[in-house]
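A.B. asks: As a plain string of letters, each chain reads:
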Amino acid sequence: GNSVTQMEGPVTLSEEAFLTINCTYTATGYPSLFWYVQYPGEGLQLLLKATKADDKGSNKGFEATYRKETTSFHLEKGSVQVSDSAVYFCALSDRGQGAQKLVFGQGTRLTINP
Amino acid sequence: EPEVTQTPSHQVTQMGQEVILRCVPISNHLYFYWYRQILGQKVEFLVSFYNNEISEKSEIFDDQFSVERPDGSNFTLKIRSTKLEDSAMYFCASSELMNTEAFFGQGTRLTVV
Chain A
1 GNSVTQMEGP VTLSEEAFLT INCTYTATGY PSLFWYVQYP GEGLQLLLKA TKADDKGSNK
61 GFEATYRKET TSFHLEKGSV QVSDSAVYFC ALSDRGQGAQ KLVFGQGTRL TINP
Chain B
1 EPEVTQTPSH QVTQMGQEVI LRCVPISNHL YFYWYRQILG QKVEFLVSFY NNEISEKSEI
61 FDDQFSVERP DGSNFTLKIR STKLEDSAMY FCASSELMNT EAFFGQGTRL TVV
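Protein sequence lines correspond, in order, to chains A and B. Position 70 (the first sequence) corresponds to 70 in the numbering used here; numbering is contiguous. Position 8 (the second sequence) corresponds to 8 in the numbering used here; numbering is contiguous.
Everything labelled a hint here was simulated from the structure, so no lab data went into it. Please note: incorrect hints may appear among the correct ones.
To be verified - Cross-link-like lysine-lysine pairs, in silico, DSS-like; alpha carbons within 30 Å at most:
1. Lys42(B) to Lys77(A)
2. Lys52(A) to Lys77(A)
3. Lys78(B) to Lys60(A)
4. Lys56(A) to Lys68(A)
5. Lys42(B) to Lys78(B)
6. Lys49(A) to Lys42(B)
7. Lys78(B) to Lys68(A)
8. Lys83(B) to Lys56(A)
9. Lys78(B) to Lys52(A)
10. Lys77(A) to Lys49(A)
11. Lys49(A) to Lys68(A)
12. Lys42(B) to Lys57(B)
13. Lys42(B) to Lys68(A)
14. Lys49(A) to Lys57(B)
15. Lys83(B) to Lys57(B)
16. Lys83(B) to Lys52(A)
17. Lys42(B) to Lys83(B)
What the hints assert, rightly or not - Pulled from the structure, derived: some chain A residues nowhere near chain B, Cβ distances all over 10 Å:
18. Ala17
19. Ser32
20. Gln100
Just so it is clear, CB atoms sit at the ideal spot from N, CA and C, and this is done for glycine as well.
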């Protein structure tokens, strides 16, 4: 079945460092790909998405490119801030039998130190 | 900004008891979902619901689980007889259409003792 694998956490960086969180997927067909973020005490929020190969999703300085050839959707940010500290989830959509369902990676906890 | 709200934020229940987790989806959304995350594990799909019936359910969603939309606003997940392994964070989500963004609530942490 479809699956998503994220790099192991936790990840700790200093402010203004470059961030990469790796995500690879296994899927039949052509799923949409997502990054969700969960800030402390809050729910999952969609950070960015890409719906087809070579699409780049971007939001709040974060970017990820849908790479079909490497089945990857790595999350990057050029200069992280303390406020980026959160848990990040990579996910793909799986149409299944009807309504869209999401298949998540295990999440990567990111901590940014001042 | 519209949001999905879940109550309670934390529920503690004894093993074998019934528990109902409540969600108020965004008002114009038609598709509703429950996911759960056992501590330290992945967020897992449980069930999707559309037009007052289940669209799809996972293997986790066995006879102990049920969902209901009892009125025009609430969407509930019932666990009939809780087990220790049901302890998890449960997330409700809704989307306007089948292929549009799913908006998640903040989750209900269920602890079965």
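A.B. asks: CA of Lys83(B) to CA of Lys56(A), is that 30 Å or under?
C.D. replies: Since the Cα atoms of Lys83(B) and Lys56(A) sit roughly 43 Å apart, the hinted pair is violated (cutoff 30 Å).
A.B. asks: Starting from Lys42(B), check that the Cα of Lys57(B) is at most 30 Å away, please.
C.D. replies: 17 Å, holds
A.B. asks: Are the Cα atoms of Lys49(A) and Lys57(B) separated by 30 Å or less?
C.D. replies: 24 Å, holds
A.B. asks: Hey, Lys83(B) versus Lys57(B), does the alpha-carbon distance stay inside 30 Å?
C.D. replies: It holds: about 19 Å lies between the C-alpha atoms, which stays within 30 Å.
A.B. asks: Would you check the hint for Lys78(B) and Lys68(A), treating anything up to 30 Å between C-alpha atoms as holding?
C.D. replies: Given that 30 Å is the threshold and the Cα spacing comes to 39 Å, the pair is violated.
A.B. asks: Please check whether the beta-carbon of Gln100(A) is more than 10 Å away from every beta-carbon in chain B.
C.D. replies: 6 Å, violated
A.B. asks: Can you confirm whether the C-alpha distance between Lys77(A) and Lys49(A) stays at or below 30 Å?
C.D. replies: 15 Å, holds
A.B. asks: Holds or violated: are the alpha carbons of Lys42(B) and Lys68(A) at most 30 Å from each other?
C.D. replies: 23 Å, holds
A.B. asks: Would the pair Lys83(B) and Lys52(A) pass a check requiring their Cα atoms to be no farther apart than 30 Å?
C.D. replies: 41 Å, violated
A.B. asks: Does the alpha-carbon distance linking Lys78(B) and Lys52(A) stay inside the 30 Å limit?
C.D. replies: 37 Å, violated
A.B. asks: Could you check that no beta carbon of chain B comes within 10 Å of the beta carbon of Ala17(A)?
C.D. replies: 26 Å, holds
A.B. asks: Does the structure keep Lys42(B) and Lys83(B) at a Cα separation of 30 Å or less?
C.D. replies: Answer holds: Lys42(B) to Lys83(B) is near 19 Å, not above 30 Å.
Figure legend: structure checked against the earlier numbered hints; hints not met, in rising order: 3, 7, 8, 9, 16, 19 and 20.
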